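Chemist: Residue-level listing of the chains:
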Amino acid sequence: MSHLPALVDGFLTTLALVALSFTGAFALGLVVVVLRIGPLGVLRAVGTGYVETFQNIPLLVWLVLFVFGLPEVGVRFPLFTTAVVVISLYEAAYVAEALRSGVNTVAQGQGEAARALGLTFGQTLRHVVVPQAARRVVQPLGNIGIALTMNTSLAAVAGVVELTASANRVNLVEALPIPIFVGAGLCYALLAAGIGGLAGLLERRLAT
Amino acid sequence: MRWTTLSVVVLLVVAGCSGGESSVPGTAPTSGIDALVAKAPVAADLPAGSTMARIRQRGELLVGGSLDAPLLSQQDPGTGRLTGFDADLGKLLAKYILGEPKTRLVTATSETREPLLANGTVDVVLQTYTITPQRAERVAFAGPYYSSGQAIAVRRGTGGIAKPADLAGHKVIAGANTPSIAAVKAAAPTAEIVEFGSDPECLTALRQGRGEAYVQDQALLIADAAQDKDLQLVGEPFTTDPYGIGLKHGDDQFKQFVNDWLREIQKSGLWQDVWRGSIGTVVAGDPPAPPVIGSAQGS
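From first to last, the protein sequence lines are chains A and B.
Heads up: the first sequence at position 50 corresponds to 74 in our numbering, and the numbers run straight through without jumps.
Heads up: the second sequence at position 292 corresponds to 309 in our numbering, and the numbers run straight through without jumps.
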């Protein structure tokens, strides 16, 4: 159990990866979804292009490309930053789709009515669409958060010593893979349960 | 790049070369291990009910190993052939048990080696498996069959790193799940370790400035340096890693058997021939004296 600090460090790194990447993915996802549902055809195409690009290429490929490809053209970020950026970019596509599905649940007539009453596109979103869509996307977003948490384990490939990488390191010394990885698995489960609980709480809040 | 190394290995084995003089990269479609297998010994009667007898009955030896370790156990995707020191020893062990070099490789990783042995998915693990007392509590080790050491490489022209202690405070690249990580921690606790999954990734990272030094098995580094003139080895190996053949824990009869086989091929010079055909293609000089069986703590 002398390895506990190493595992705790790994867990904290995973937590930081999750928090930063999800924040980034949410912010970027918001932008992308506004592009996708906006009135301008060009911007809609850009939004669609973004989602298709990031959803149809595996995260691992993106990570390798960013970690080893970018330095070749003279751009070198620290590994942790690279991992956060890549996971954010990737998950933003999923966030955007979840948000779009939420927006689509609001009947089109409501938007048309709002515009007919003289509200701008922005006002329509803010006062009519978003309040209704928000509570419907909480659970899908929670699921994306959980998926993102699991995906952070790929950052080990990019040299970030998060939970999976530190479990690997400890196992190399202790040769006890089953207890070590069961422990790491429980940590991930705990994180997932936390995110799920948070989503449930948020949903109830937004419902009132 | 790696393939050139491989071709060198193959070429030298085919040429039945003696000595470790460097050779020009070339291509040769077949492997000279066949010649070694032909003269390799076969065990006499196997005790009924023993692990060896069961393997002979099955008709193939299940080996846990790697497909991507240059000079040790690497598969040529073109031909499907497995070459390298560990791979060749696996074939010789299969010949010893079965009378023919029939092995089946089960890809193992550092997370799966112990369970694979414990639940009988593989008969032996031949995978730069460093013998340690902790590991010896879960698996049995025959050998050591090879003694390796971690060495330091830098980009040519990097100053200030001449010995392991100089790594302190530097960013040091190491292969994920390799003994290098522990070696660096022991030699320079304040070094920041950056790890990548494979040797080519580590080299790329070093070239791209993700770290100032790269710590890896010396034989591998020598092979890398032969390909990449920008890579420079610093000093001599600073650790001793005795590699063992992993066996099921408690199977003393099989361990005894494998140890007897190792002693036999060491004495007959077969071990040295295998070394010449793999690691010896990049390390100059004669084969080292093989490690004494049972000399490592845990073997």
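Be aware that one or more of the hints could be misleading.
Some chain B residues near chain A, calculated using beta-carbon distances under 8 Å [said to hold, decoys possible]: (1) Ala193; (2) Asn194; (3) Ile198; (4) Val211; (5) Ser215; (6) Gln225; (7) Ala243; (8) Pro254; (9) Phe255; (10) Glu281.
Hint data in this document are derived by calculation from the structure and do not stem from the laboratory.
All figures in this text were calculated on a predicted structure; none of them were measured in a lab.
Ideal Cβ placement from N, Cα and C applies to all residues, glycine included.
Chemist: With reference to the structure, classify each hint as holding or not holding.
Modeler: Hints, verified against the model:
Because the closest C-beta pair between Ala193(B) and chain A is about 7 Å apart, less than 8 Å, the hint holds. Below 8 Å, beta-carbon pairs count as interface contacts, and Asn194(B) has one with chain A at about 6 Å; its hint therefore holds. At its closest, the beta carbon of Ile198(B) sits 6 Å from a beta carbon of chain A; the interface hint therefore holds under the 8 Å criterion. Interface restraint check for Val211(B): the shortest CB-CB distance to chain A comes to about 5 Å, inside 8 Å, so the restraint holds.
At its closest, the beta carbon of Ser215(B) sits 10 Å from a beta carbon of chain A; the interface hint therefore is violated under the 8 Å criterion. Hint on Gln225(B) holds. Least Cβ distance to chain A is approximately 4 Å, under the 8 Å limit. The closest approach between the C-beta of Ala243(B) and any C-beta of chain A is roughly 22 Å, which is over the 8 Å cut-off, so the hint fails. Here the hint on Pro254(B) is broken, as its CB sits about 19 Å from the closest CB of chain A, past 8 Å.
A cut of 8 Å between beta carbons decides the hint on Phe255(B): the least distance to chain A is about 18 Å, and the hint is violated. Annotation: Glu281(B) was flagged as interfacial toward chain A, and the flag is violated, the nearest CB pair being 29 Å apart, outside 8 Å.
Of the numbered hints given earlier, the model fails hints 5, 7, 8, 9 and 10; all others are met.
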